[in-house]
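Undergrad: This is what each chain is made of:
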Amino acid sequence: MTTYKTTQKRARARVSAPARRPAGKYLAIVFMVVALGYFLTPLIWLVISSTKSNADLFNTFGFWFSPRFNLFQNLSDLFARDNGVFIIWMKNTAIYATSAAVGSALISALAGYAFALYRFAGRNLLFGIVLASVFVPSTVFAVPLFLLLSKSGLSNSLLAIILPALINPFGVYLMRIYAEQAVPEELLDAGRVDGAGDFRIFAQIAFRLMMPGFVTVLLFAFVGAWNNYFLPLLVLSKSNLFPVTVGLAYWNGLATQPGNSQVLYAIVITGSVVAILPVMIVFLFLQRYWQGGLSLGSVKG
Amino acid sequence: MSVATTTARMPRPASRSWRRFKRNSIPYLFLAPFLIGFVIFLVYPLIYSLNLSLYRTRLVGGTTYVGLENYGRALQDTNLWEGVRNVLLFGAVQIPVMLGFALIFALVLDSAILHRKTIFRLGNFLPFAVPSVVAALIWGYLYGESFGPIAQIAHALGLTPPQFLTSSGVIPALANISTWQYTGYNMLILFAALQSIPRELYEAAAVDGASGVQIALKIRIPLIAPAIILTGIFSIIGTLQLFNEPNVLTSIAPSVLNPHFTPNLYVYSLAFRSQQFDYSAAIAFTLAFVTGVLASVFFFITRQRGERQ
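Read top to bottom, the protein sequences are chains A and B.
Numbered per the numbering used here, the first sequence spans residues 1 to 301.
Numbered per the numbering used here, the second sequence spans residues 1 to 309.
Chain B on its own, in the form it takes in the complex (with noise of 0.2 Å):
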């Protein structure tokens, strides 16, 4: 069948009559508003910042190209290093609890335990619908000192109420805004690929006398194994791009928030307040090789181990 539409539809370039030159160009008619927009607005900007980070521009002398010069400065500057240490830091508690979680939601929402389930589903999810932006001033509220209303609680108990904007608890606070917010949107992608597992397979291993924990774990979740390692590769880049809760909360927390707290604040930073276009490209281009190796490394160990089971 595929063979034969092949041959079909994509004839010899030899034979060039108009019917057929009209019948090849289809597809890509069809394609023509992405591509065109996909190569304005993703591969040329690419391709512009690739070709701005390999220039400087001074105040005396000018623009001049200074080839890997800026990458060069990037790998030495202490805070890029910093900025990736505290999203590693972030990412390597905040992503394993969050997507923890979303998997033990989604099994219990795909098993008969719960009555009400879309109560639970709509419920978890519902943070996904608030702006980030919207999240961290209302846990920034939360979390404040004056009004928030931990503080309140801690007071009326007669304690000290938490400090969330301090140099070591705002890593934490921050990982809980995130937390709150994508564990319902991730447990949702962990849910839909649960249920199209066939139920005859729970059904066979409970007829073996399996319990509903080794159900779940040697056959639901490797039957989800990809469903998971997407949802750990998004997170990833997510993390790695953390901007919009910190840029929020700088307002709260000034001195602990600084402008390079994460690599993403820092290319911000650089590139509107000390107008180093140049140099905030290479670091985002720095920025996305980590990512992409992080990515990669978190796929082949994964995949790795879902074959080895």
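The following block holds chain A by itself, in its conformation from the complex (with noise of 0.2 Å):
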């Protein structure tokens, strides 16, 4: 099956050769790395300052390394600033988007479980408005969700942005499609026929075929916290319980403050580096995974 694909392929493409023209091709290709070039410049940017001292920055080219290479100095001038919050903050954020993603996906992946396998009343309805919800703006719910964290004195702990990450509507949408793709309905009466309990069947076969789509919504929930700004924005004045985001954005906020700007220019490009590195990791390490996850919502949306 397979061979005789690849062999009708490559005939295809030796027939169509000359029919496609060269120029529009080589005009493609051109396009796709100057649009590389477009993504990835800022990026560069950003490494090559991190090497710069502040007066560097504004005195060398932007494009280019200084002649006195300050990367070790920033790094540690950014751990030592104000008594090392930075480290805090990036604790808080590896907390924050580790348990919001593994609690997040674990949670949608039993509901979504549930609405692909079970027949219940109000399924379609609870279905429908959990949906709908996918597209209230977020906004809605952030003031308000700070007034009852305040209320409930949860506000300054790192649980009043867990708690509300751990719910997401738009994962329960894709584990529930990808859990009527990948787990067949027999199963659940053939491991019923065999004595297993739901919970059995779904913890130790019904979960591991749900794995691709599962590690999916885990990633995405991963940096959709990591990236989080505006609710910790909201919700939280404690500057120790920052996450590096709101972190990052209130030194920048200082660096522009006249009398400020020559102390934290180099920091906060420094701490942008040190900030994006996990996530990249994690992206680049695990791509086979969300790749093929990320089919799940375009086909049947």
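Simulated from the structure, these hints should not be mistaken for lab results.
Each hint should be verified, as a subset may be incorrect.
Once the Cα atoms are required to be at most 27 Å apart in a straight line, the calculated BS3-like pairs of lysine-lysine come out as [to be verified]:
hint, chain 1, residue 1, chain 2, residue 2
1, B, K218, B, K117
2, B, K218, A, K25
3, A, K151, A, K238
4, A, K238, A, K91
5, A, K25, B, K117
A partial selection of chain B residues facing chain A, derived with a Cβ cut-off under 10 Å [what the hints assert, rightly or not]:
hint, residue
6, L35
7, L126
8, A136
9, W139
10, G148
11, Y268
Since we're looking at a predicted model, the values are computed, not measured.
Glycine is no exception: its CB is placed at the ideal position from the N, C-alpha and C atoms.
Make one complex out of these two single chains by using the hints.
TA: Encoded structure:
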């Protein structure tokens, strides 16, 4: 089957090659390379700039290194600033993003599995409500959430941003679609005949089948939480609870105030590099998983 | 099959043996963690906020029920509609440009034109992994007149550097940041949809003498229309909520990026600078309503067009 397909493809390529205009092909390649340059240039600038001192940031060309390699000095300045608060911010972000991602992916998997494999009263209505909530702008929830959290005394703890992040309606939607594709309906009956309880069937068999979808939801929830700014900005007021996004924006605000600028630019730039590295690594190393899972939302959406 | 399972799992309410009850409650147990959180963190705040928007707190006289007065005020509030105008101007250009490029990239990646596809797929997508705060910081520096490389290059060439953070330049400047961040993400969604089209369809068309461009326009794009509509709707919702980038850039261009430059900035400043939580709730609901109307209009227009083809 596979060999047949490949030979057929090759044959077609040979036949249609003269018909395809090479000029158009080269144009497409140039276009793609220029686009790639656009997407990567700001990141290259960021990395180059993180190796410069404040003075060199202003005095040397932005897209090349200065003769003085200042990265290590910048890093030690970054971690020393405000009694090492940057490490606390990174730790907060790590705790927040990891627990939000693991928690929300698990909760979404359970809910998506129920929607996919069980017929129960209120199923369509509930799913409709969940789906509709995807389209409500988060602003509408943010202000009342802040008020409710501060009333309940949670507003000055990491739980204030972790708990709301556990509820991921789009994740439920994706897990339902994935479970429908990956878990055969007969599994439940077969498992019951063998005497397994429904939760054992889920934990030991179905969950494994749902793994690729689960990893996709997990990763995107991780990145969403790692990069989140709006809710933490609203809810948290103590700077030692900030995630790194809120912290960097706060330093940047200080940097642009007259008088402070000379000190903070290099620190903000170096801090930005440190803050984005974990997400980049996660994405690059787990690309096989999330790229497969991405097709879920689009195919049936 | 499905009829059989339905009757098996949903017995008449009259038969109420403990076992049946236990079995019927299983899906709800699976759903419980989500539903409990959904009610606490989404439904309840929504109702709370809706209720809040019907009151007004004054320094003298305290909190009083004012009905829809806050909404009447919102409708006449030029600050809100200026913000809505800004995000609509932003979206009217940014969304088509971004999705257009995302679609072209996806089509090229899905065809046999390129060899090292992974580099392009990941490279274009990489900005999505950058927090919008950091993206705004990077571009803020790149735009800067003091040590921004764009200004450096312009100076070296003897040109006047472009003014990004002025009243006319700031919307394109913000649109560029969003395009940079989200094109790759949309590209991947469209690419994934393209990958699921059976190859035989193209081969049949190619045998009939259709060109690559014709195949793209007549077969590939119509087949992934649902995915394109989905990316469009999410882009509309995201655009109307524009907050992070202008909020970060405010410190660089405070005169242009005022506290009501986007509706979301306005909600934020009403709630947290002037403590007008009730009025900010009304503004948030008005914004949600505008979003819903725009997203539905977009959905029905694109769907009708798709059906006509």
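Undergrad: Hint by hint, note whether the structure agrees.
TA: So, going through the hints one by one against the coordinates:
1. B/K218 - B/K117: Holds, because 24 Å separates the two Cα atoms, which is no more than 27 Å.
2. B/K218 - A/K25: 20 Å, holds
3. A/K151 - A/K238: Holds - the C-alpha atoms of A/K238 and A/K151 are around 16 Å apart, at most 27 Å.
4. A/K238 - A/K91: 15 Å, holds
5. A/K25 - B/K117: Holds, because 14 Å separates the two Cα atoms, which is no more than 27 Å.
6. L35: 8 Å, holds
7. L126: 6 Å, holds
8. A136: The hint holds - B/A136 has a Cβ within 10 Å of chain A, the shortest such distance being about 8 Å.
9. W139: 7 Å, holds
10. G148: 7 Å, holds
11. Y268: 7 Å, holds
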